[in-house]
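Residues per chain, in single letters:
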Amino acid sequence: MTGEAEQIMPRVPVKPFYFNTSAHLLRITRQKATTLEEFLQALRECPEGSIFQHAFRTLEEHHFIREGFSNDFAHWAMSACNESSLAEGLASVDVREFTSIAELREHFVQIVQSFLTRAPAAATRSARETFYFCASDTVVIPTTFIARTLREFAEGLRGISVHSIHHHFIEARLRLKLMSNDFSQWLHEDLGLTEAARRLNRIDIYTVTMEDVREQIVRVVERALI
Amino acid sequence: MEPVESQIESELPVRESQADVSVASPALPERKERRRKPRSWETPPAPVPPPRLDDYKAIVGAAEIDELRFLAKGLKGKTVKMVNSTAVGGGVAEMLNQLVPLLNEVEVNTHWDVITGGNDFFEVTKAFHNALQGSEYQLTQQARDIFLMHNEQNRKRMQFTEDVVVIHDPQPAALVRERQESSRKWIWRCHIDLSNPSFAVWDFLRPFIEQYDAAIFSSQSFSRQLAIPQYLFYPCIDPLSEKNKDLEESFIQQVCDEFGVDRSRPIVTQVSRFDRAKDPVGVVQAFKEARKYVDCQLVLAGGGASDDPEGAAVLKEVREAVGEDPDIIILDLPPWCALEINALQRASTLIVQKSIREGFGLTVTEALWKGKPTIAGAVGGIPNQIIHKLTGALVHSVEGCAYQMRYLLTHPDFAAQLGQNGREHVKENFLMTANVRRWLLLIRILLAVK
Numbered sequence: 000m001t002g003e004a005e006q007i008m009p010r011v012p013v014k015p016f017y018f019n020t021s022a023h024l025l026r027i028t029r030q031k032a033t034t035l036e037e038f039l040q041a042l043r044e045c046p047e048g049s050i051f052q053h054a055f056r057t058l059e060e061h062h063f064i065r066e067g068f069s070n071d072f073a074h075w076a077m078s079a080c081n082e083s084s085l086a087e088g089l090a091s092v093d094v095r096e097f098t099s100i101a102e103l104r105e106h107f108v109q110i111v112q113s114f115l116t117r118a119p120a121a122a123t124r125s126a127r128e129t130f131y132f133c134a135s136d137t138v139v140i141p142t143t144f145i146a147r148t149l150r151e152f153a154e155g156l157r158g159i160s161v162h163s164i165h166h167h168f169i170e171a172r173l174r175l176k177l178m179s180n181d182f183s184q185w186l187h188e189d190l191g192l193t194e195a196a197r198r199l200n201r202i203d204i205y206t207v208t209m210e211d212v213r214e215q216i217v218r219v220v221e222r223a224l225i
Numbered sequence: 000m001e002p003v004e005s006q007i008e009s010e011l012p013v014r015e016s017q018a019d020v021s022v023a024s025p026a027l028p029e030r031k032e033r034r035r036k037p038r039s040w041e042t043p044p045a046p047v048p049p050p051r052l053d054d055y056k057a058i059v060g061a062a063e064i065d066e067l068r069f070l071a072k073g074l075k076g077k078t079v080k081m082v083n084s085t086a087v088g089g090g091v092a093e094m095l096n097q098l099v100p101l102l103n104e105v106e107v108n109t110h111w112d113v114i115t116g117g118n119d120f121f122e123v124t125k126a127f128h129n130a131l132q133g134s135e136y137q138l139t140q141q142a143r144d145i146f147l148m149h150n151e152q153n154r155k156r157m158q159f160t161e162d163v164v165v166i167h168d169p170q171p172a173a174l175v176r177e178r179q180e181s182s183r184k185w186i187w188r189c190h191i192d193l194s195n196p197s198f199a200v201w202d203f204l205r206p207f208i209e210q211y212d213a214a215i216f217s218s219q220s221f222s223r224q225l226a227i228p229q230y231l232f233y234p235c236i237d238p239l240s241e242k243n244k245d246l247e248e249s250f251i252q253q254v255c256d257e258f259g260v261d262r263s264r265p266i267v268t269q270v271s272r273f274d275r276a277k278d279p280v281g282v283v284q285a286f287k288e289a290r291k292y293v294d295c296q297l298v299l300a301g302g303g304a305s306d307d308p309e310g311a312a313v314l315k316e317v318r319e320a321v322g323e324d325p326d327i328i329i330l331d332l333p334p335w336c337a338l339e340i341n342a343l344q345r346a347s348t349l350i351v352q353k354s355i356r357e358g359f360g361l362t363v364t365e366a367l368w369k370g371k372p373t374i375a376g377a378v379g380g381i382p383n384q385i386i387h388k389l390t391g392a393l394v395h396s397v398e399g400c401a402y403q404m405r406y407l408l409t410h411p412d413f414a415a416q417l418g419q420n421g422r423e424h425v426k427e428n429f430l431m432t433a434n435v436r437r438w439l440l441l442i443r444i445l446l447a448v449k
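Taken in order, these protein sequences are the chains called A and B. Each residue of the first sequence is one higher than the one before, starting from 0 at the first, in numbering that gives the first Met the number 0. Each residue of the second sequence is one higher than the one before, starting from 0 at the first, in numbering that gives the first Met the number 0.
Don't read these hints as lab results, they were simulated from the structure. Predicted model, so just to flag it, every value in this text is computed and none were measured. Among the clues, some could well be false.
To be verified - Computed, partial: chain A to chain B, Cβ under 7 Å:
#	residue
1	138
2	139
3	160
Note that CB positions come from ideal geometry on N, CA and C, so glycine has one too.
Construct all of the structure, not just a fragment, from the sequences and the given hints.
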């Protein structure tokens, strides 16, 4: 859909947008690793909640950091194993390219496996610190923000917590099973603002803080309001 | 191996003796004189009423408080009993003093009970506490009998009618024998580091622990393999307490003046009791190395030297390491000097916690909360708080500590970024509101509240 077509669409959504958020409780699982060999094994066996925690949730926990932190696996590979090429490979994984934890797990496994094929001596070298696999237990919570118009949507975006931004913008693809997010889905399906929806999906979540992500989302929505 | 302090216990243990302020600089007699009688040391301040949830809005935001209230909604009318071994003193009691009123405020009816016992019981549990954190200990049948007898007496004395029973630490762990087939849930909250326990004591306690529905640890690395679910609850600080609340600039200046701290030069501070695990001598050595390159002063603020023979010995070693150095100020403070500690932390350019053994390290949390670039030993719960080069600097040696001091003192923009990230990290994970959130979530999950 073109920008011109968007301008003639009505700005009253088919259904309101209900802002939710999620609260997470960390569980300590049985898996832990003191070498890369153990890490690979644990990566294969850990519950899906662990992959979610260390790849998705960690972004939310460290939402204030702009650089040098993409997921816990990459961080451990660098800080505890001093394996920079493995760390770079793991850090390059963008969770938004995955709509299921199983695919994401497989991708991490392949990266580690391929590294250990190239550097077999690294497999049994002791890491400086143990990697403990944790997992998230999640409870979804409604917020007081409901958007019945695009303007209310922009206001809601400003008022919700960064946890809510993470819930709708990053975690959502696991629920939707789509390469998208709740905000883009609503803009596209309920308001016909397809270009704005696409713009949101181009926001880089790895080089900015979650507050920066919020700012960028708000800017896209405010542009659509004009 | 010596025991590591409980990670939630105060860094400044309660003692009855008065403050002793010693100054290494004979060149500044007038300052020394002033430091002998700092503000309000004679008596502890009156306790302040616990904060209410809305008091935290200005700090964590209204959305966060709304979320807590929603989480509590489904639990309205549910009852919780917290049980520990002391009503006053120590970090667990301090935390419960804040947590229990906040849970009651959101209508999760929470009752706090304290077990009773004779000297024999508390001697045994103190030995268990140390043994579970790595001390050598010979577990005797008599010790087992004393532990079980007092737990049994408490079990008969108490009533367990609540929906959720939370037992804190090993002392009352055997109360779980009261557990019957019912929907009531039992949680064991372990505040100590079990990563390297005396197996005689752990093997004795483990069968009790595995009767609980869940266990909670303060760090992944403190846990053990158990047949029950284990959750991670980080210890927390209260941003509204005297130790952490915002202070007037004039008060900070007044405290620095009283202690002879020169605010026109960079200040490096370590706050911790005089204990070898905190490596105060290593801090002095690192400081002296760093000062070759950058002008600065060191403040070592702690306690525990007057009522603890080992503390006094450590303080003596520190004084020997300091020598006649006019740039190092040693403060042996009483435990009620929270405001003064707060002021010193806020006046500091850098904060150091160069521990070689540590619990969770709440002094690090306090430093990060004040937005201070922090250098700390990579031990205990400190790596949970400091992500190297992102929320602070982790070090493993005197040399590493000296280098980080030099680097951060000469790169103030980078240091400021670390401080800012550190504060956000605490806001996200280590404040009292995060603790309330975790309790509400766990109770909801265990009681299967939708």
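Tell me the hint numbers this structure goes against, listed in increasing order. Hint 2 is the one this structure does not satisfy, whereas the remaining hints hold.
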